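Q: Each chain, written out:
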Amino acid sequence: MSDKAHERQNPAFYALLVALIFMSVGPIALMFINSFKLDVDIIGGTGGLLFMPTIQNYETALCDILWYEPEHLRFCSLKFGGAFINSLIIALISTVLTLVIGCMAAYALVRFRFFGRDTASLTTLLVRMVPPAVLLVPVFGLWNNEFCLDRDGLIGGAIREAFGGRGDVCLAGTHSGIILIYVAMNLPFVIWILQSFIVQVPRSLEEAARVDGAGPFQVFFMVVLPLIKPGLAAAAIFTFRIAWNEYLLASALSDRDTRTVPILIVNNMSEFNVEWGVIMATGMLLAIPPIIFTLFASRQIITGMTAGAVKG
Amino acid sequence: MNRHFANRMTPYLFMAPAAFIMAIALIYPLGYMMYGSLLDWNPSQSISEAEYVGLKNYVTLFYDPFFRKSFSVTLTFAFFVVVFEMAIGVGLALLLDRNIRGMSVLRTLFILPMMIAPVVVGLMWRYMYHPTVGIFNRTLDNLGLEKVDWLGQHALMSVIIADIWQWTPFIFILSLAALQSLPQSAIEAARIDGATGWQQIWFIKLPMMMPILIVTALLRLIDAFKVLEVILVMTEGGPGQSTEILAMRISRTASEFRELGVAAAMSNYLLLMLMILTLSMFAFTRLQERRSARLAAAIQEDE
Amino acid sequence: MKMLKTATVAAALMGSAALANPYADYEGTTLIVNFPAHPHYDAVMQILPQFTEETGIEVEVDQLPYLAMRERQTLELAQDEGDYDLIAYVVFSKADYVYADQLENLAKYFMNPALADPSYDAGDLIDGYVYNIGFAGGDRGYLSGKTGSLFGLPYGSETSVLGYRKDIFEKHGLEVPETYEEMLALACQIPELEPGMGGLASRAASGHHAAHAFLLHLNPLGGGIFDDSWQPIMNSAEGVAAAEALKQIVDCGPEGASTFGFGEALGAFLNGDTAMYLDTTVVAGQINDPSRSQVVDKVGWALHPMGTERASQTGGFGIGIPANAENKEAAFLLMQWLTSKAGDKAVALAGGNPSRFSTHSDADVNAAFPHMATFGEALQYADPDWRPIIPTWGKVNADLGTTLSQVLTEGLDIQEALDGVAERARATMEEAGYYTWQ
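Top line first, the protein sequences correspond to chains A, B and C. In terms of the working numbering, the first sequence has 142 at position 142, counting the first letter as 1, and numbering is strictly consecutive. In terms of the working numbering, the second sequence has 173 at position 173, counting the first letter as 1, and numbering is strictly consecutive. In terms of the working numbering, the third sequence has 57 at position 57, counting the first letter as 1, and numbering is strictly consecutive.
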């Protein structure tokens with residue numbers, strides 16, 4: 001489409017376009033600007049762009065990983081750096097796992113006729129609609145009480161020996177616990193999206209490879225995977241986005257060492273001081289990775305979105 | 001090992017990891033929740049210590065004015081959000097379905113709102129709605145107009161506006177894709193027959209887009225029931241219960257009132273409703289597929 | 001004997017030190033403590049390094065907003081072995097924790113000669129705070145009394161005072177209100193005198209905030225939540241008067257007052273949007289901080305106005321040792337150090353809320369914070385029975401808060417709304433067994 005020469009249009013359309021862009025980016029830009037203001041400036045209403053930019057808010061947010069001690073802080077209360085690392089670990093690992101596992105399942109659902117296929121496919125569709133809030137109670141109960149290893153047992157004992165900590169070894173409070181639920185939550189969506197990409201892979205290519213003596217796993221990894229790269233990229237972005245942004249389940253499952261950034265932001269909107277500047281700075285830091293993805297991979301995102309919706 | 005047997009096992013091997021994870025982290029928890037909803041259970045107890053109370057939680061909830069209010073808030077929210085987003089999104093798509101310089105920039109920037117964290121969206125809007133500091137009231141004030149009590153008197157409306165901001169682009173992009181995949185010949189034919197722009201939209205484009213639009217609307221509807229963080233950060237459900245959607249009521253019941261059994265029963269009610277929606281979407285797509293298959297067959301016969 | 005030996009060894013090791021070091025056994029221990037994000041505990045964070053320096057005990061703090069802190073603790077305390085060695089708890093958590101046997105009774109620590117500091121002077125701790133926050137098992141189950149005992153110490157406790165803008169009051173020749181009538185009249189008079197300014201900043205947001213604001217007025221106006229036989233009486237004439245007072249305050253308050261949480265209400269006062277502020281003493285440290293406040297040196301303090309009686313709030317936080325803690329004795333040492341005379345003074349100077357009478361009358365503290373004397377006076381009227389601290393309170397409180405918020409924003413009839421709360425509260429109490437003996 002971009003190859004075609006642009007037709008001359010009524011200037012009103014350009015005005016509309018600019019207005020839309022302003023509306024969608026405006027709030028984000030506002031947050032960006034405010035994150036460089038002192039609270040007094042934000043509240044006092046020194047409007048517009050006439051203010052002294054300061055990185056103080058970012059210093060407050062990142063105080064636990066800065067190599068120097070910011071002067072304006074009496075002590076470092078926000079452990080943002082640690083939370084950022086937790087978020088990264090959780091989002092990256094769960095994205096990779098979801099993709100690998102989801103891909104294989106999608107492939108099986110598209111390419112093989114087997115007993116239980118319809119059940120599997122219907123279940124996938126149905127669990128896609130389960131809201132995180134519905135999972136809150138059972139996941140909280142299971143992860144804390146049932147999915148545990150006895151501290152005196154063989155593996156549990158070894159884990160306590162190696163990593164310290166107290167009590168039985170439970171999924172709650174660990175990175176793995178949060179990763180597990182994110183993988184499970186994202187799988188149905190990823191399977192759904194990837195199915196529509198795998199269908200388009202010409203069967204003849206796979207058959208040719210099989211004639212050459214490749215086993216089913218080789219066919220999958222060497223032939224199919226490279227061909228659905230755009231689909232994988234789209235699925236990866238969507239999975240990462242959910243794992244990176246999710247708040248509710250993470251807040252129920254994390255402990256003081258595994259808190260993620262969204263939890264920190266909600267916590268920081270503590271009722272005692274609403275420190276707008278710092279909140280905006282943390283919000284900005286959380287928003288940066290998705291913004292980068294969007295700017296560099298908008299084409300994949302749009303493909304993924306349309307594939308997911310249109311090819312139900 | 002028999003090669004035939006190995007081939008038969010292949011699909012199961014491919015499915016196994018996904019099936020395993022979904023079984024222990026989705027299906028089993030959902031079953032656990034069904035069971036938990038029959039208990040009088042608080043977070044300090046493990047499930048085996050909780051007392052069995054049968055359907056009491058469901059009955060209590062059914063007559064609980066707070067739950068009913070929350071249910072109606074959820075429906076109101078979902079209804080308005082979907083209607084407005086569909087109207088604006090489809091409208092913009094019809095309007096902007098042409099070659100304009102800067103269209104790709106718009107599409108890229110337009111998806112930003114839905115990519116950033118709901119928590120961040122919530123805090124941005126909470127700031128903008130702030131009665132004195134926020135940009136809306138400040139602008140109104142500068143224009144000499146009456147200030148609006150956004151998150152007070154008009155909380156539900158304000159929350160809906162924020163959601164429209166975040167998700168209209170989704171509808172816009174899907175409808176644009178749908179529009180651009182329409183067969184040009186039909187539209188061309190209509191134009192030659194002298195149909196005006198409005199007639200083209202009304203009689204040709206909209207009907208042809210309809211299947212995709214309905215799926216889109218249903219997808220959005222299901223997602224509207226998942227919204228939680230934006231509202232949590234903006235209003236925490238208040239004032240009163242005016243923005244307390246079910247997802248928030250569930251989380252409050254579990255953590256603030258410490259009644260896990262009731263929260264589980266509430267989750268089941270929500271799940272039931274979503275199940276109905278999903279199944280209707282599923283049925284609809286099946287129906288659509290069958291109809292288009294029949295259509296294709298008919299066309300082939302014609303030829 | 002063994003103890004004596006340890007003491008001698010410690011003394012010998014210390015060389016020049018004349019006294020034995022009671023902390024020696026615990027040197028190198030790391031305590032994990034759970035504190036709220038709260039101005040008092042921000043002050044505590046500043047004096048903790050001093051504790052580590054004096055005792056060699058490291059402290060790792062997990063600071064959370066207080067509702068999140070409570071959720072975290074619910075979970076941690078229920079485990080067989082928990083992470084936290086010392087917790088700060090919100091006063092209304094006392095009921096839940098003590099009832100579930102999750103807090104250590106402090107008797108055995110104060111009995112232990114190796115741990116208890118003879119110069120601690122418990123008599124100097126503020127009575128109302130100790131009975132409100134530390135005691136359980138006495139009268140009505142949650143107050144002091146012959147059957148009661150101590151489970152925690154008040155730390156970061158607070159009472160209510162009235163802050164007012166001296167400059168505004170002077171400009172219009174207004175009198176500082178002594179009674180509720182005067183205060184309510186002023187609250188609505190100020191927006192007329194100073195256009196754009198609200199009368200009194202109060203929290204009112206749905207849930208805990210609205211309920212808290214209601215309670216602030218309920219006791220001074222002679223009302224209560226339950227009578228002596230646990231029948232709900234928040235819908236009595238006094239209760240209605242309290243709700244009407246709240247509604248009037250919010251209506252005459254600053255822009256958007258009906259959605260204010262604690263932070264917004266305080267923010268409005270700090271920003272100069274209101275002329276009065278009626279809430280906890282804990283904010284005093286921020287009023288004169290120029291990076292936060294636009295009303296530096298313009299604020300005077302007075303007692304919580306009198307209705308039919310004087311009854312100011314008791315609330316805030318206490319510290320206690322979880323029953324499933326790992327380092328209980330070291331935790332007790334930290335607890336004792338923090339609430340000792342020296343510790344209390346240090347935290348007061350850092351901007352915290354002292355829990356001792358002597359700190360309120362201390363010359364250094366008063367020089368730094370001249371309002372401390374008024375606060376000390378307010379404490380005489382602090383009412384330990386300000387709200388019922390029973391396990392069902394969470395539910396009643398949430399219902400009260402939601403309903404009151406509807407009164408404030410949707411114009412529900414006050415009497416009807418409170419009748420509804422009372423009816424539901426009665427059902428809750430019935431179910432919890434409070435009427436078993438009647």
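Derived by calculation from the structure, the hints in this document are not laboratory data. Keep in mind that this is a model prediction, so the values were computed, not measured. In this text, a Cβ means the ideal position worked out from N, Cα and C, and glycines have one as well. Be a bit skeptical, because a hint or two may be false.
Claimed, not checked - Listed next, with one range per pair, are the computed distances between beta-carbon atoms:
hint, chain 1, residue 1, chain 2, residue 2, range
1, C, E377, A, D152, 49 to 59 Å
2, A, V18, B, Y35, 49 to 59 Å
3, C, Y435, B, L272, 29 to 39 Å
4, A, F115, B, I276, 25 to 35 Å
5, B, E289, A, E146, 38 to 48 Å
6, B, E49, A, S121, 51 to 61 Å
7, B, E49, C, P290, 35 to 45 Å
8, B, V105, C, E244, 53 to 63 Å
Q: State for each hint whether it applies.
A: Comparing the hints with the structure gives:
1. Separated by about 57 Å at the C-beta atoms, E377 (chain C) and D152 (chain A) satisfy the suggested range of 49 to 59 Å.
2. For the pair V18 (chain A) and Y35 (chain B), the supplied restraint of 49 to 59 Å holds, since their beta-carbon distance comes to about 56 Å.
3. A C-beta distance of roughly 36 Å is found between Y435 (chain C) and L272 (chain B), which places it inside the suggested range of 29 to 39 Å.
4. A hinted range of 25 to 35 Å for the beta carbons of F115 (chain A) and I276 (chain B) is consistent with their spacing of about 28 Å.
5. Checked against the hint of 38 to 48 Å, the C-beta distance between E289 (chain B) and E146 (chain A) comes to roughly 41 Å, which is consistent with it.
6. Taking the beta carbon of each, E49 (chain B) and S121 (chain A) are about 39 Å apart, not inside 51 to 61 Å as hinted.
7. The hinted range of 35 to 45 Å is not satisfied by E49 (chain B) and P290 (chain C), whose Cβ atoms lie roughly 54 Å apart.
8. The hinted range of 53 to 63 Å is satisfied by V105 (chain B) and E244 (chain C), whose Cβ atoms lie roughly 56 Å apart.
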